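*Asks:* If you want the building blocks of each chain, they are given just below.
Number of protein chains: 4
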Amino acid sequence: MVKIELPIIAINFKTYTQATGERAVTLAKKCEQVAIENGVTIIVAPQIADIYRVSSSVDIPVFSQHLDAGEPGRFTGHSLGETLLEAGCSGSLLNHSENRMQLADIEASVRKAEHLGLYTIVCTNNPLVSVAAAAVNPSAVAVEPPELIGSGISVSQAQPEIISGTVEQIRAVNKDVVILCGAGISNGDDVKSALKLGSQGVLLASAVAKSDKPEDVLNDLIAPIK
Amino acid sequence: MVKIELPIIAINFKTYTQATGERAVTLAKKCEQVAIENGVTIIVAPQIADIYRVSSSVDIPVFSQHLDAGEPGRFTGHSLGETLLEAGCSGSLLNHSENRMQLADIEASVRKAEHLGLYTIVCTNNPLVSVAAAAVNPSAVAVEPPELIGSGISVSQAQPEIISGTVEQIRAVNKDVVILCGAGISNGDDVKSALKLGSQGVLLASAVAKSDKPEDVLNDLIAPIK
Amino acid sequence: MVKIELPIIAINFKTYTQATGERAVTLAKKCEQVAIENGVTIIVAPQIADIYRVSSSVDIPVFSQHLDAGEPGRFTGHSLGETLLEAGCSGSLLNHSENRMQLADIEASVRKAEHLGLYTIVCTNNPLVSVAAAAVNPSAVAVEPPELIGSGISVSQAQPEIISGTVEQIRAVNKDVVILCGAGISNGDDVKSALKLGSQGVLLASAVAKSDKPEDVLNDLIAPIK
Amino acid sequence: MVKIELPIIAINFKTYTQATGERAVTLAKKCEQVAIENGVTIIVAPQIADIYRVSSSVDIPVFSQHLDAGEPGRFTGHSLGETLLEAGCSGSLLNHSENRMQLADIEASVRKAEHLGLYTIVCTNNPLVSVAAAAVNPSAVAVEPPELIGSGISVSQAQPEIISGTVEQIRAVNKDVVILCGAGISNGDDVKSALKLGSQGVLLASAVAKSDKPEDVLNDLIAPIK
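Protein chains in written order, with our numbering: chain A, 1 to 226; chain B, 1 to 226; chain C, 1 to 226; chain D, 1 to 226.
Errors might be hidden in some of the hints.
Because identical chains cannot be distinguished in the list, a pair is counted as satisfied if it fits within a single copy or across any two copies.
[As the list claims (entries may be wrong)] Calculated pairs, EDC-like style, for lysine to aspartate or glutamate (alpha carbon to alpha carbon, straight line, at most 20 Å):
(1) K196 <-> E32
(2) K210 <-> E82
(3) K210 <-> E71
(4) K112 <-> E147
(5) K3 <-> E32
(6) K213 <-> E147
(7) K175 <-> E82
(8) K210 <-> E37
(9) K196 <-> D220
Don't read these hints as lab results, they were simulated from the structure. Source: prediction; values computed, not measured.
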């Protein structure tokens, strides 16, 4: 399994125009520069069609936004772990709120990723779902209350009890899983409060991917951890 | 919440011709007779369109085969908890292998059912998925290795370690959830071994629902528990 | 196949609280009374769990809100044509905007319904999708621009060209399919303009199902056709 | 819109190990060589994660195996037209039997592809579904009876009436759409009979993608058209 140093700043490029194709490469390079200059962990998750060109251009971890369960063979349009690995992925988001998965497929995808040495971040929407996700032993769980995604309101500041409560409940069943939080994270203060509440990193998207000055946003985000 | 005495024999009518419409009522009455005569718990899960006529005819618990998450209002073709309750349901199967659900929807359906006093049985396919299901606090989890469903090979006899291992792993995170097992259960010996391995009941379908003599099968099934 | 006299007023009960359980029966009886008193066709589409109690109480056509493709046997939580027929259905909505179906399943469901003598109304969102739906030979196609559903703005008055254009395009490939329109239909003027534009009926929901005085709404709706 | 010369030989790489990553590039180059040497049209459809590296390596048309409807922005794990275009795609398969789509999404994906100048091949499973697919005006329809996919039994030889009948029915509603056939196509005789029956090309997968000598298979396939 790829070793990812904590804490983690993970950037979901979604399907933003500003983070597509060659612009995905440019953005990933900016992430890499900030990561290397400051000795912090920044993960980038471009679109699946962009993984290869991004992973060929940067040395920071490149994640897929999704990974389908299933063995190589008769699937059409699916994104299997083996293929993502060959395309240069180090891991994958799973069960993002914009791409919810069946429970059995989450578990199967985590097992497949584990077998391939890929890191998994399972996204969840509330504390009990987070505990369930932790129960299938992914590398990490990322709690993202859906009502805050893209809101500009940070979960770590608006609903701190969601994070601290989730951390506590997850730890009762899984001592090792990495716990991230997401939704509305946009600056260093959000990251600072997220870490203070017991999470080990953040997952965010628009604040970086849609920014005119992603370097500035990234430098602000990593200020509390460098 | 409806109180269901343990151990549980739950019969999924699926969409078997022999267990549809008026024949669902007849089969449910046979289940009721065996349940009452022997003082055992038999739950019947007819098709959603048959719930009302079955629940109007018997006094044993009638379950839905599925329950959609969601509030009353703008849904078409969905089966909401409020409607199932008014149709006479006492509970619902969730996430059956033939009707897999997204993790977030399993949790939302369990919460909704809980709020309405409906009993929930979440079906699962392996130990880790069972622990994940238990983590969202349903009334019960039913472990059913998919390869044995409808096989005539009993999970409790063919893969006893699946059941005992699952029981142990679930209990580490949830002391209260009822644990059932399914897949290939067809006679009293299967039930006996299932209970001996730590489960608190069984979920089965074809052995009863497709039988020419369901009373005989039921009497055999309940022999170890009456 | 059940014979449905044109024009058609079809009422989707959705999952409205006011149209659930015993209240579904009450509402269906009001629809029946208006239909019989005025010699017009009113179809009611209650929730699947309510079909049996509604169909046992009224003599107007009762439709399902959905019909799953598939043969009797190993399905759990699905609503097959055979079961809906035994529960008293005369037909089914298919592909409602709140329950979109795969193209291959729409066709399979239409074939199954046809085989069972069930009437099918395939809902669609725009002219080309309507032509595609007509190509699989259902009994009827109901055009419902999604942005107008539940809006109170009638498609027949706000976007008359959608209806007239759709009618023309459908007729180029299918002379026989019944063409309905929906979305925002709430009164007799909407029905009148819908018919004038070439449709043969309407599909509506909230204006009747959520009304305090559904008889009044129904009487207004049928005024242009009685 | 990209201009694709008829007849078409389209190769779906599926998720075959032999056609993944660098091996996808190698296979695409063999397809390119046969296409150029013989002046025939060969389209390759690698996995989405492999599109960029394949399209960067060959000059024949590279298609996606799937294209999600939707505008750039808040989607995670989806494959939008804009991104596929930037990754070097000329078109996409849609609604493959291993990735069935909702009717409304097929139409929306075709419109989006059309707007971007991408070629679309909608896969279908029988004649009426083919007519429905043709009604939404894609570039092409590919009829593939699911029971023959991967069977080694050619649809053009085993079920010639499926192809000739489908061609006739499609032409009644759409004069321009390209008609392909698939399922079990593995050699030049299959291609010859397919073209004779009125189709304008073939869609195949395993015969080429899993072959030890794909050049030989390709040369056999294109013999009737070079």
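*Asks:* So which hints don't hold here, by number, going up?
*Replies:* Hints 1, 6, 7 and 8 not satisfied by this model.
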